[in-house]
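S.K.: Quick mapping for you: the protein sequence lines, in order, are chains A and B.
So for the first sequence, my numbering puts the first residue at 87; every next one is plus one.
So for the second sequence, my numbering puts the first residue at 17; every next one is plus one.
Think of the hints as simulated: they come from the structure by calculation, not from any bench.
Please read all numbers here as calculations on a predicted model, not as lab measurements.
Treat the hints with care, as some may be off.
[What the hints assert, rightly or not] With a cut-off of at most 16 Å between alpha-carbon atoms, the simulated EDC-like pairs for lysine to aspartate or glutamate come out as follows:
no.: 1; chain 1: A; residue 1: Lys337; chain 2: A; residue 2: Asp319
no.: 2; chain 1: B; residue 1: Lys113; chain 2: B; residue 2: Glu72
no.: 3; chain 1: B; residue 1: Lys113; chain 2: A; residue 2: Asp319
no.: 4; chain 1: B; residue 1: Lys113; chain 2: B; residue 2: Glu128
no.: 5; chain 1: B; residue 1: Lys149; chain 2: A; residue 2: Asp372
no.: 6; chain 1: A; residue 1: Lys266; chain 2: B; residue 2: Glu72
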Amino acid sequence: MRESTRAEKLISMCYLLPSFVGVMVFFVAPFAQIIRYALVDNPIANNFVGIENFIKVFENSAFRRAAGNTARFSVMAVPLAVALSLLLAMLLEAQIPGKSKFRTFFLSPMMVPVASIVLIWQVIFDYNGALNGVLASIGVTPFDWMKSDYSHVIIVVLFLWKNLGYNMILFMAALSNIPKALLEAAAVDGASALRRFWQIKFRFLTPTLLFVTILSLINSFKVFREVYLLTGDYPYEDLYLLQHFMNNTFKSLDYQKLSAAAIIMGLFMALIIGILFIVEGRLGKDVEQ
Amino acid sequence: MASITLKDVAKVYPGGGGTRAVDNFNLEIADREFVVIVGPSGCGKSSTMRMIAGLEDITEGKAYIGDTLVNNVPPKNRNIAMVFQSYALYPHMSVYKNMAFAMKMRHVKKAEIDVRVRETAEMLGITHLLGRKPRALSGGESQRVALGRAMVRNPEVFLLDEPLSNLDAKLRTDMRAEIVKLHKKLETTFIYVTHDQTEAMTMGDRIVLMNHGRIVQVDSPKDIYDYPVNVFAAGFIGSPRMNFADCEIIERGGEYFAKLGEGGEHLISLTGVNASRPELAALTGRRVTFGIRPEHLGVTAEMDDTESRFGGGTADIVEALGAETNIYVDFPGGLRFIVREFNDKPVARGQRISVDIQPGKIHIFDTETGEAVTGRRRHGAPPATEKAAPPAVKTGDAPTDISSGNDTELADQIAAGVADAIAEADGGDDA
Numbered sequence: 087m088r089e090s091t092r093a094e095k096l097i098s099m100c101y102l103l104p105s106f107v108g109v110m111v112f113f114v115a116p117f118a119q120i121i122r123y124a125l126v127d128n129p130i131a132n133n134f135v136g137i138e139n140f141i142k143v144f145e146n147s148a149f150r151r152a153a154g155n156t157a158r159f160s161v162m163a164v165p166l167a168v169a170l171s172l173l174l175a176m177l178l179e180a181q182i183p184g185k186s187k188f189r190t191f192f193l194s195p196m197m198v199p200v201a202s203i204v205l206i207w208q209v210i211f212d213y214n215g216a217l218n219g220v221l222a223s224i225g226v227t228p229f230d231w232m233k234s235d236y237s238h239v240i241i242v243v244l245f246l247w248k249n250l251g252y253n254m255i256l257f258m259a260a261l262s263n264i265p266k267a268l269l270e271a272a273a274v275d276g277a278s279a280l281r282r283f284w285q286i287k288f289r290f291l292t293p294t295l296l297f298v299t300i301l302s303l304i305n306s307f308k309v310f311r312e313v314y315l316l317t318g319d320y321p322y323e324d325l326y327l328l329q330h331f332m333n334n335t336f337k338s339l340d341y342q343k344l345s346a347a348a349i350i351m352g353l354f355m356a357l358i359i360g361i362l363f364i365v366e367g368r369l370g371k372d373v374e375q
Numbered sequence: 017m018a019s020i021t022l023k024d025v026a027k028v029y030p031g032g033g034g035t036r037a038v039d040n041f042n043l044e045i046a047d048r049e050f051v052v053i054v055g056p057s058g059c060g061k062s063s064t065m066r067m068i069a070g071l072e073d074i075t076e077g078k079a080y081i082g083d084t085l086v087n088n089v090p091p092k093n094r095n096i097a098m099v100f101q102s103y104a105l106y107p108h109m110s111v112y113k114n115m116a117f118a119m120k121m122r123h124v125k126k127a128e129i130d131v132r133v134r135e136t137a138e139m140l141g142i143t144h145l146l147g148r149k150p151r152a153l154s155g156g157e158s159q160r161v162a163l164g165r166a167m168v169r170n171p172e173v174f175l176l177d178e179p180l181s182n183l184d185a186k187l188r189t190d191m192r193a194e195i196v197k198l199h200k201k202l203e204t205t206f207i208y209v210t211h212d213q214t215e216a217m218t219m220g221d222r223i224v225l226m227n228h229g230r231i232v233q234v235d236s237p238k239d240i241y242d243y244p245v246n247v248f249a250a251g252f253i254g255s256p257r258m259n260f261a262d263c264e265i266i267e268r269g270g271e272y273f274a275k276l277g278e279g280g281e282h283l284i285s286l287t288g289v290n291a292s293r294p295e296l297a298a299l300t301g302r303r304v305t306f307g308i309r310p311e312h313l314g315v316t317a318e319m320d321d322t323e324s325r326f327g328g329g330t331a332d333i334v335e336a337l338g339a340e341t342n343i344y345v346d347f348p349g350g351l352r353f354i355v356r357e358f359n360d361k362p363v364a365r366g367q368r369i370s371v372d373i374q375p376g377k378i379h380i381f382d383t384e385t386g387e388a389v390t391g392r393r394r395h396g397a398p399p400a401t402e403k404a405a406p407p408a409v410k411t412g413d414a415p416t417d418i419s420s421g422n423d424t425e426l427a428d429q430i431a432a433g434v435a436d437a438i439a440e441a442d443g444g445d446d447a
């Protein structure tokens with residue numbers, strides 16, 4: 087019995103080994119390396135400098151602008167993505183005609199590669215693009231959308247267009263898992279539709295809300311890809327995001343600054359996600375099956 | 017307090033290919049009556065209740081609570097309370113908050129809510145649970161809380177949708193009795209949906225038996241047991257179910273007989289059955305369905321073929337349940353009947369036994385239509401089908417109250433039926 091247990095352990099370890107090696111090589115080791123880079127003056131001299139790199143990063147105006155822009159984008163885009171996708175899911179949950187067509191419509195951006203999406207948006211918002219063409223025809227002076235105060239809004243819309251469908255599917259699944267009898271009991275008990283939403287549905291949606299929020303937050307940091315493809319290395323200053331900063335720092339081989347910025351960003355995200363987990367723990371603990 | 021009237025009510029679900037889940041449903045439920053809607057799965061009983069609750073739209077017909085047409089009245093304005101099969105307790109609220117929720121929604125003052133919640137909790141013996149969350153409750157406790165939540169705001173009508181089906185057999189028996197007691201105490205109209213005939217027989221003033229979306233029979237439990245209107249009703253109510261056999265009615269020397277078995281081996285006198293001579297004469301020479309409940313057959317002296325009124329057979333399976341024994345008997349001519357024996361006569365498997373029959377309890381059904389030929393006349397009631405008017409039932413007058421009935425034989429039979437169903441424990445009596 088003892089022998090077989092040992093053999094079983096060995097076998098299970100063998101199964102785990104490839105994944106373990108993968109995680110160590112591609113996640114843990116680089117992460118450790120980043121922490122090391124963030125604490126030294128340069129990767130060759132390797133002199134320990136403490137938090138000097140972090141101070142430098144905070145003092146860097148490009149970082150501050152990038153962090154500010156990213157935060158502004160996330161604060162706008164994430165709540166909108168969560169709220170709109172929930173709204174859409176609830177609309178599609180109701181018996182409306184053409185339900186499946188709507189669903190496909192909102193999911194279609196997921197099927198299109200980012201490069202193609204960006205191409206479409208370029209066609210629309212370029213100085214010589216479709217939108218300016220339409221505006222010119224009604225007498226409005228064309229201007230460069232991606233270099234205007236509207237650029238932020240355009241990126242938020244692009245982000246929503248790309249992400250709403252997937253979030254919506256997650257919410258639809260969560261909505262369909264709410265016990266119908268509970269909503270009916272609440273209806274019989276005299277709760278209005280709004281009350282039923284806040285008292286029952288919202289409680290049951292909390293775990294999904296958390297998940298969708300985290301997912302949207304992560305995706306909001308990744309919107310760089312679209313912005314980069316639309317505007318290149320140095321976009322209009324309102325669109326200069328954290329990943330632009332990272333990308334450009336990487337290109338200039340300033341590993342210390344890059345690592346410190348990455349750690350700051352990582353800690354910040356961990357903090358937000360931690361807070362979300364606490365909220366979810368409070369609201370969702372009784373409703374999770 | 018309120019009566020309920022359903023007139024020509026029908027339910028058609030969209031996308032169901034026009035299938036009528038409930039059809040031509042006419043029923044009047046008196047104020048303070050306890051009506052049990054019973055039937056097999058998918059017979060439309062839950063849809064009917066949900067239409068009364070307002071949780072489903074009424075496709076056709078009219079529903080009244082009291083004198084108010086409620087077709088377009090939302091559930092919250094119907095002054096009904098519903099107990100769900102899954103209890104549907106709000107998982108994130110304490111028992112207290114669950115019970116207080118409906119009153120809170122109606123802006124009842126906090127002090128009054130508190131008094132009523134505590135009074136109700138006291139009545140149901142759940143005061144010690146008030147601070148707990150639903151997930152910390154057992155099935156029985158959840159059931160009580162669900163009842164409490166319904167009771168606490170004094171609704172005009174109680175709707176109970178299979179509330180006991182998630183409980184174990186012992187708890188179910190206890191709760192059954194408690195709900196009946198509660199009905200007496202609250203003096204409110206109760207509508208109870210179940211697929212369990214034992215619950216139907218023991219709880220309701222009247223039973224509404226449904227099949228394929230339509231009412232089959234509306235009667236008191238006693239009458240539905242004694243005078244089933246068709247083969248379905250006869251087979252659904254009673255456990256073990258009624259024995260059925262094809263037979264031919266013949267006349268011999270001015271007397272009518274039922275000829276049973278492949279070769280007509282059994283000639284059973286129909287003297288004493290609940291059918292007139294002209295009725296029997298009309299059936300002469302036709303194939304009809306013969307029905308007899310297992311408890312109306314009995315084992316007589318061993319190998320006593322000449323004396324017996326039904327005949328001799330071989331005991332194939334013997335189920336000794338303690339108070340009674342169900343004996344599956346194979347008779348000549350391919351007949352297999354269940355005999356329910358209350359005496360303590362030891363019968364062994366494979367033993368030849370002689371079986372007696374109570375002729376007054378024989379049921380004859382038209383094989384083509386399934387309708388009962390026997391029974392209704394002595395009963396003296398109007399044909400109790402869809403349009404039957406409800407008797408003026410007063411609380412406390414429950415025909416199920418077998419202890420106060422004069423017909424002790426019947427009382428024994430029903431009690432035995434219940435005992436049997438309980439002995440069969442979980443779902444064994446679901447016909």
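S.K.: Hints first: check each against the structure and report whether it holds.
M.R.: Hint by hint, here is what the structure shows:
At roughly 10 Å between alpha-carbon atoms, A/Lys337 and A/Asp319 fall within 16 Å of each other, so this suggested pair holds. Pair hint B/Lys113 plus B/Glu72 does not hold up; C-alpha atoms about 27 Å apart against a cutoff of 16 Å. Between B/Lys113 and A/Asp319 the CA atoms are separated by roughly 58 Å; this puts the pair beyond 16 Å, and the hint is violated. Between B/Lys113 and B/Glu128 the CA atoms are separated by roughly 14 Å; this keeps the pair inside 16 Å, and the hint holds.
Pair hint B/Lys149 plus A/Asp372 holds up; C-alpha atoms about 8 Å apart against a cutoff of 16 Å. Under the criterion of a C-alpha separation no larger than 16 Å, the hint pairing A/Lys266 with B/Glu72 is consistent with the structure, at around 13 Å.
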